[in-house]
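Colleague: Residues per chain, in single letters:
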Amino acid sequence: MKAAVIVFPGSNCDRDVAVSLEKSMGQKPLMLWHRTTEVPADLDLIVVPGGFSYGDYLRSGAMAAHSPVMQEVKERAAKGVRVLGICNGFQILTEAGLLPGALMRNRDLKFICRDVHLTVERTDTDFTRGYAKGQVIRVPVAHHDGNYFADDSLLERIEGNGQVAFRYASANGEVSEASNINGSRNNIAGVFNEAGTVLGMMPHPERLADPQLGGIDGKPLFDSLVEALCK
Amino acid sequence: MSAITPEIVAQHGLSADEYKLVLEIMGREPNLTELGIFSVMWSEHCSYKSSKKWLKTLPTKAPWVICGPGENAGIIDIGDGLAAVFKMESHNHPSFIEPYQGAATGVGGILRDVFTMGARPVANLNALRFGSPDHPKTRHLVSGVVAGIGGYGNCVGVPTVGGEVNFHSSYNGNILVNAMTVGVARADNIFYSAAAGVGNPVVYVGSKTGRDGIHGATMASAEFNEDSEEKRPTVQVGDPFTEKLLIEACMELMATDAIVAIQDMGAAGLTSSSFEMASKGGMGVELELDKVPMREVGMTPYELMLSESQERMLIVLVPGKEEMAKAIFDKWELDFAVIGTLTDSGRMVLKWHGEVVGDLPIDPLAAASPEYDRPWEPTPALPVLTPADVEEKPWGEALSTLIASPDIASRRWIYQQYDHMVMGDTAQRPGGDAGVVRLHGSNRALAMTTDCTPRYVAADPVEGGKQAVAEAYRNISAVGGLPLAVTDNMNFGNPEKPRIMGQFVGACQGMGEACIALDFPVVSGNVSLYNETAGQPILPTPAIGAVGTIEDVDTMATVAFKGPGESIVVLGG
Amino acid sequence: MKAKVHVTLKNGVLDPQGKAIQHALGSLGYEGVNDVRQGKFIELDLAETDPAKAKAAVEAMCKQLLANTVIENYSIEIIA
Amino acid sequence: MKAKVHVTLKNGVLDPQGKAIQHALGSLGYEGVNDVRQGKFIELDLAETDPAKAKAAVEAMCKQLLANTVIENYSIEIIA
Ligand SMILES: Nc1ncnc2c1ncn2[C@@H]1O[C@H](COP(=O)(O)OP(=O)(O)O)[C@@H](O)[C@H]1O
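Just so you know, the protein sequences line up as chains A, B, C and D, in that order. Residues 1 to 231 (our numbering) make up the first sequence, in order. Residues 1001 to 1573 (our numbering) make up the second sequence, in order. Residues 2001 to 2080 (our numbering) make up the third sequence, in order. Residues 3001 to 3080 (our numbering) make up the fourth sequence, in order.
Watch out, some of these pointers could steer you wrong.
As the list claims (entries may be wrong) - Listed next, the in silico DSS-like pairs over lysine-lysine satisfying Cα-Cα at most 30 Å (straight line):
| no. | chain 1 | residue 1 | chain 2 | residue 2 |
| --- | --- | --- | --- | --- |
| 1 | D | Lys3040 | C | Lys2055 |
| 2 | A | Lys74 | B | Lys1137 |
| 3 | D | Lys3053 | C | Lys2055 |
| 4 | D | Lys3002 | A | Lys110 |
| 5 | C | Lys2002 | D | Lys3055 |
| 6 | D | Lys3004 | C | Lys2004 |
| 7 | D | Lys3002 | D | Lys3053 |
| 8 | A | Lys110 | D | Lys3004 |
| 9 | D | Lys3010 | B | Lys1137 |
To be verified - Listed below are several chain A residues computed to face chain D (Cβ distance under 7 Å; list not exhaustive):
| no. | residue |
| --- | --- |
| 10 | Trp33 |
| 11 | Tyr57 |
| 12 | Met63 |
| 13 | His66 |
| 14 | Ile112 |
| 15 | Pro211 |
Said to hold, decoys possible - The following label-pair restraints were derived from C-beta to C-beta distances:
| no. | chain 1 | residue 1 | chain 2 | residue 2 | range |
| --- | --- | --- | --- | --- | --- |
| 16 | A | Gly97 | B | His1353 | 46 to 52 Å |
| 17 | B | Arg1455 | A | Arg35 | 53 to 59 Å |
| 18 | A | Asp108 | B | Thr1386 | 53 to 59 Å |
Because the hints were derived from the structure by calculation, they are not lab data. None of the values given here were measured: they were computed from a predicted structure. Here a beta-carbon is modelled for each residue, glycine too, at the ideal position from N, C-alpha and C.
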């Protein structure tokens, strides 16, 4: 399996996700500088990591979405190459039009760094097959702009297509306003594209994929990808 | 030519005696640029003129100390060929005037102090003091400072893993924002600031220079008064995105053999960085100020020398490495300019489009930097409290009063606004006794904490100073760490008052005694004096930051009770 | 030539910043604030001297970068 | 009654957002963008019906909350 992590000016979870990928894959992913247009032909997975690309100035992810490498990412995504965007990566993928909706400032305007619980909405994708149906996982968030917005018709479409990947929930899996940490519509914490080959999520699975850091609920996501993409 | 009047001298915060010394050193009347340089170099902030005598009494040595006070940050050996580099620094006055930007730029400054030595920053901490919770300004200041620390640290991508917060009315008009950074370097790849090599190029990198905070260094040393809220434009805006790029670019350059010396441009900007580099290396320096990357049109040499624009560094390169170095900074989209050369003249010569606009002797200026033995009086002992002095309350009520006290209540509201997990090595998050960060790729870890209980120091500076050190030591031990060394941030009132100076002297004495007893040397620190509002001083606050090592992170201890049936034991006495 | 760009949230898009300001104004004792919306105001200084060309260029910038047309509207004013 | 408030950075204050936008426009191939400054645009819907009183109220709001007068300027426009 061949994976690459994109590095933008201001990315800061690039190393973190590379470490998690390496643990699951047994080899280091490629690190691709945002200016590169030479992307190996045989990539199976592209990860757009968290951080503050371009300082999150103007809008989170807006400037990175126009980086030279993103043209290549769009083409690969169209061909079905798996793309995972975490946190700032999710913002970049929505700005680039690879995922529906937009991420706005958190409801209470504050940066939130803490563990949250998520319901896993689908277990039939290459990203989530390692989880059990209805499983509630604990994964950290760390963001200022994680408030997922889609207008009513878009929301209906996303829900209808089963594009929701994760929702903010309580520890026992209850999805309610009380567990909606940032004001996201329908508690959405992560979405797929229609084909289920591109995933964007605000929570950081790479931050709880190592028992020494306090949990491993994020690890099955990387294991799933490896299992699905290893030929 | 503007003649230097006594008013101009006073505006620059120099006393008549100090100005006499300026005239002696120069052998003539200085021009305005030169006067500005003296004022910056001799400000309390840069010269430590009131505190030097007492700081020298602190123990600074141990076999594991690689570099003690005197450089940008302290360095200790942590084994496996690695070194921990750390320091704490205050940004009190700017944070009171503009809490978000003041705190943010404080974090930026201390990060630069650490990575300028070749260390990648791995953790931030912050020691905060605010006025009483019901003071009308407190809410705004707390939320601004916390958002600013988070806004900067989160964007740069360094986890904020610890800190402390107290509330007391003495900080109503003068909050304390002390930021600490811990970095990790290879012990054989540390960078210092002493310039060397006649003819070597002096290079400017980072952000462009604007008219930010001109006179900020002098402001940081002047007592607050009623109209200080009007001195607003001296506030600088931080750009954490540029700082992140600067860290990466510097790390990349540091992996080559191109750097002779490197120094961040701190509170006194180009003046102090170039002066310190030249003075430490016994060199002269010639700067072509028109080559400095500028953000605004019409800037003058005076402004360029005194600007406090953030996110800038000064580097002496090995000759011939300019192109290679420039390519790195180009890649990270940062400014890069050769702005001068080292000389053997022992003088700082400033040029503006080829014309000399300043010419000062380096050593005499640095050596003559005033040092005072300020009069001080010991703090009178307070009567000792007996149990009978304390009002009796039902236990439940006493407990809920305690838990509700702003000094004890949960800090989660604060640390949830800080990314404390980025970099993927935070083994113990805020909320415990000390933050624990794994050494990347290993099973070993660093433990770190900041501590001080100002009311103890006010009651008895010697014992309070001891207590702060002991508490930091205990917090490192409590997570299973071996405490190794401390940094400090001495926040006090006006040192010209013998009573305040007595608090400072007492705290130094207590800290020194505790550090000797615990084999816990002081390797870096910072002093912030004149923390007063309308003559009322803050509680004496010698904040202690400490670092230790944990050999096996799987043996780390945490505060949580783990399960039913376990024994609860009280140790110590 | 200068351009002033206003980027505002579309109707129906919830505005957390506006809501928070409205709430804060309320707690500061300002009454009768029915609604608050926060947008961006971007000023550009352009080398272009032809107003029509400047407008077209800024229009393109807005579509491509300055506004996220999923949630935002923009308006452009060119000043000689 | 509506009020439009523009909040902009004072001259000489570093504008990291503006700089980053300028830079991004450059890399997208837009030439001749000499400078970019980013500010805020706040629209308030007020119950007040007297323009002078509305203006005074918004003035107070700006000073107290909407603008950070340490580094920002503001301007107010009242629309009936
Ligand atoms: N309270 C203190 N205890 C020990 N060392 C101190 C103390 N205050 C300052 N120092 C040392 O003095 C030197 C100068 O400090 P400072 O001016 O704050 O550094 P910079 O200008 O790099 O920010 C530093 O090496 C610092 O470690």
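Colleague: State for each hint whether it applies.
Modeller: A quick look at each hint next to the structure:
1. Restraint check for D:Lys3040 and C:Lys2055: satisfied, since their Cα atoms lie roughly 21 Å apart, inside the 30 Å limit.
2. Pair hint A:Lys74 plus B:Lys1137 does not hold up; C-alpha atoms about 50 Å apart against a cutoff of 30 Å.
3. Simply put, D:Lys3053 and C:Lys2055 have alpha-carbon atoms about 37 Å apart, too far for the 30 Å limit, and the pair is violated.
4. With a C-alpha separation of about 28 Å, the suggested pair D:Lys3002 and A:Lys110 falls inside the 30 Å cut-off, and the hint holds.
5. Of the pairs offered as hints, the one joining C:Lys2002 and D:Lys3055 holds, with about 28 Å between alpha carbons and a cut-off of 30 Å not exceeded.
6. The suggested pairing of D:Lys3004 with C:Lys2004 holds, with an alpha-carbon distance near 15 Å, which does not exceed 30 Å.
7. Distance hint between D:Lys3002 and D:Lys3053 is fulfilled; the C-alpha atoms sit about 12 Å from each other, no more than 30 Å.
8. Of the supplied pair hints, the one linking A:Lys110 and D:Lys3004 holds, its CA atoms being roughly 25 Å apart against a limit of 30 Å.
9. Proposed proximity of D:Lys3010 and B:Lys1137 is supported: the alpha carbons are some 24 Å apart, at most 30 Å.
10. The beta carbon of A:Trp33 is not positioned within 7 Å of any beta carbon in chain D (closest approach about 14 Å), and the interface hint is therefore violated.
11. About 4 Å separates the beta-carbon of A:Tyr57 from the nearest beta-carbon of chain D, less than 7 Å, and the hint is met.
12. For A:Met63, the suggested interface contact is upheld, since its CB lies about 4 Å from the closest CB of chain D, less than 7 Å.
13. At a threshold of 7 Å, the smallest CB-CB gap from A:His66 to chain D is about 6 Å, leaving the interface hint in force.
14. Interface hint at A:Ile112: violated, since its Cβ lies 22 Å from the closest Cβ of chain D, which is beyond the 7 Å cut-off.
15. The interface hint given for A:Pro211 is violated, since its Cβ lies 39 Å from the closest Cβ of chain D, which is over the 7 Å cut-off.
16. Checked against the given bound of 46 to 52 Å, the beta carbons of A:Gly97 and B:His1353, roughly 50 Å apart, stay inside it.
17. For B:Arg1455 paired with A:Arg35, a C-beta distance near 55 Å keeps the hint of 53 to 59 Å intact.
18. About 47 Å separates the C-beta atoms of A:Asp108 and B:Thr1386, a value inconsistent with the hinted range of 53 to 59 Å.
In this structure, the hints that do not hold are numbers 2, 3, 10, 14, 15 and 18, in rising order.
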